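Build the full structure now, drawing on both the sequences and the hints.
Line by line, the protein sequences are chains A and B.
Residue numbering for the first sequence follows our numbering, starting at 1 and increasing by one per position.
Residue numbering for the second sequence follows our numbering, starting at 1001 and increasing by one per position.
Everything labelled a hint here was simulated from the structure, so no lab data went into it.
Check the hints yourself; a few may be wrong.
Pairwise CB distance ranges (calculated) [stated by the list, open to error]:
(1) A:27 <-> B:1064: 25 to 33 Å
(2) A:39 <-> B:1078: 50 to 58 Å
(3) A:153 <-> B:1109: 47 to 55 Å
Short, incomplete list of chain A residues facing chain B, as computed with Cβ under 8 Å [as the list claims (entries may be wrong)]:
(4) 192
(5) 300
(6) 304
A few chain B residues that face chain A, going by a derived Cβ cut-off under 7 Å, partial list only [unchecked claim]:
(7) 1138
(8) 1140
(9) 1143
Given the structure is predicted, the values throughout are model-derived calculations rather than measurements.
Don't be surprised by glycine CBs; every beta carbon is placed ideally from N, CA and C.
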Amino acid sequence: MTDKTSYLRDELDALVDHGLYNTITTIDGPQGPWLSVGGRDVLNFCSNNYLGLANDDRLVTAAKAALDRYGIGPGAVRTIAGTMTIHDDLEEALTRFKGVEAAISFQSGYAANLAVIPALVEAEDLIISDELNHASIVDGVRLARAGRKIYPHGDVDALSDRLAEARREGARRILVITDGVFSMDGDIAPLDRIVDAADEHDAIVMVDDAHGEGVLGRGGRGIVDHFDLHGRVDVEVGTMSKAFGAVGGYVAGSKHVVDWLRQRGRPFLFSSALTPPDVAACIAAVEVLEASTDLVDRLWLNAKRFKEMMSGAGFDIGSSETPITPVMLGDEHLAREVSRLLLEDHNVFAQAIAFPTVATGKARIRVMISAAHTDADLAVGAEAFTTVGKQLGVVA
Amino acid sequence: MTLEWAVFVVVLLIAAMIVTGADPVGDGDPSPFLVVVVVGFTTFSLGSMLWYRTLGSAALLRAESNEEIRQAYTRRMMVCSTFALLPMLLGFALALATGHVDLFFGTFLISLIALIYAAPRKRDTDRLDRAMIRRGRPFRVSAAIEPRDGS
Ligand SMILES: Cc1ncc(COP(=O)(O)O)c(C=O)c1O
Chain A
1 MTDKTSYLRD ELDALVDHGL YNTITTIDGP QGPWLSVGGR DVLNFCSNNY
51 LGLANDDRLV TAAKAALDRY GIGPGAVRTI AGTMTIHDDL EEALTRFKGV
101 EAAISFQSGY AANLAVIPAL VEAEDLIISD ELNHASIVDG VRLARAGRKI
151 YPHGDVDALS DRLAEARREG ARRILVITDG VFSMDGDIAP LDRIVDAADE
201 HDAIVMVDDA HGEGVLGRGG RGIVDHFDLH GRVDVEVGTM SKAFGAVGGY
251 VAGSKHVVDW LRQRGRPFLF SSALTPPDVA ACIAAVEVLE ASTDLVDRLW
301 LNAKRFKEMM SGAGFDIGSS ETPITPVMLG DEHLAREVSR LLLEDHNVFA
351 QAIAFPTVAT GKARIRVMIS AAHTDADLAV GAEAFTTVGK QLGVVA
Chain B
1001 MTLEWAVFVV VLLIAAMIVT GADPVGDGDP SPFLVVVVVG FTTFSLGSML
1051 WYRTLGSAAL LRAESNEEIR QAYTRRMMVC STFALLPMLL GFALALATGH
1101 VDLFFGTFLI SLIALIYAAP RKRDTDRLDR AMIRRGRPFR VSAAIEPRDG
1151 S
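Structural data, given as structure tokens:
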């Protein structure tokens, strides 16, 4: 029998040749500032565990209690028999935390985007999306039947032009979508100006705040709070898989948007609900954030310290405005080599990010700073970067 | 720190008056010496206020988080308000020492105007926000410092 998928072997070989083959690292223990990889303790510089909640006692305890009370499986999709009291509790907690009318949870941030985008627009409508929006938005847009336009990254004037164009072309409804924080560069969308531009053309605004949730705004309430835009952003997508330390996604907004998603959000209708321990952990994360801003404050302080050390050592750390710290290297092979030496010689786990995640020639090591890192961790990491950087001629 | 320094300056000026034998007490207008001291000192305080305000604005525009904006904004307001208050404090001290109440009224009026200038004002935050936008920075002073509805 011929191997009908042999072309994939060639594709894989090409990936290896171009330095684009992704080797997946397996972690032996829980998330934290240090991870166990292949029997070694390595400094973790690549998780989205911004606040160190992924293995926090409060979340673990809540998850265990939920296991005892609700068991492990949700049993069904939310609309059939998969909605438990605890799902309602989570949505109530999120509504309170975000200061919105209502919220609905999904299995992941990815699922939230796949649910909300096709549900908001139809064939007569148009989506206008930032060119660097996350893949889950791109996929959500693909699933929607509406027309689409892309605007250059963060360029509000270009967005205004697209909006005017769309109105001239007679689009019925227009949906503007942007990431809140762009995960590869750590820059923040100029959401206030985007909302102004959208308002001028009566367009709906949706922001995916996956990397801003638990990071931006008062006590981590996200980008809408950061810009004080309460009541002016129609749809907020969030994830509980990053700063919240657990897993899951949500959409926050008006009662009717959320109610509509309960009727028409396909991942809500056709994929089983979040499991009870996940949900309990998410509720505990919201409670931790509501109780104190200490973790968020610590995260920002850590990021500032680390960025100062890295730019002091001569690294190009891009134009991040958030704790995401991209160490710009350009060449794909160089980025992978830096990552390899960091891990093998210095026990620092910081993954290279290359095409197709970022444009070719824009390879980098994206350092994800966490509130859980100590000052010593940050110093060890920066020192390792400096040694490897000198070794490979990246810094003098 | 700034306040201690202000008290020190006031005490120093009164001491200078005594040492130089200036006798401002009397009927009629305050002596030219006193007027020169008050005008000079007021110019110095208001100049310092404007100078620090420029430094404070630059720090605000460089801030790397809303928390840093809040801190920089509060610091700028406190320091500027202190400088704004100094002429009035001097006028008050001199009025006590010399009996020239009109000195106090004059400096009080100047301090009051300076305080209004240094206090939180929408025009000020709007101007800072526009400067942030011009610099392409995703931070807004108005959003960082104001209390909000969404809780
Ligand atoms: C902007 C954005 N949206 C959505 C997601 C997906 O979130 P989740 O991991 O919860 O599916 C991510 C995660 O990488 C993201 O960066």
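Now for the hints, and whether the structure bears them out:
no.: 1; hint: A:27 <-> B:1064: 25 to 33 Å; verdict: 31 Å, holds
no.: 2; hint: A:39 <-> B:1078: 50 to 58 Å; verdict: 55 Å, holds
no.: 3; hint: A:153 <-> B:1109: 47 to 55 Å; verdict: 52 Å, holds
no.: 4; hint: 192; verdict: 6 Å, holds
no.: 5; hint: 300; verdict: 5 Å, holds
no.: 6; hint: 304; verdict: 6 Å, holds
no.: 7; hint: 1138; verdict: 4 Å, holds
no.: 8; hint: 1140; verdict: 6 Å, holds
no.: 9; hint: 1143; verdict: 4 Å, holds
Comparing the model with each numbered hint stated earlier shows that all of them hold.
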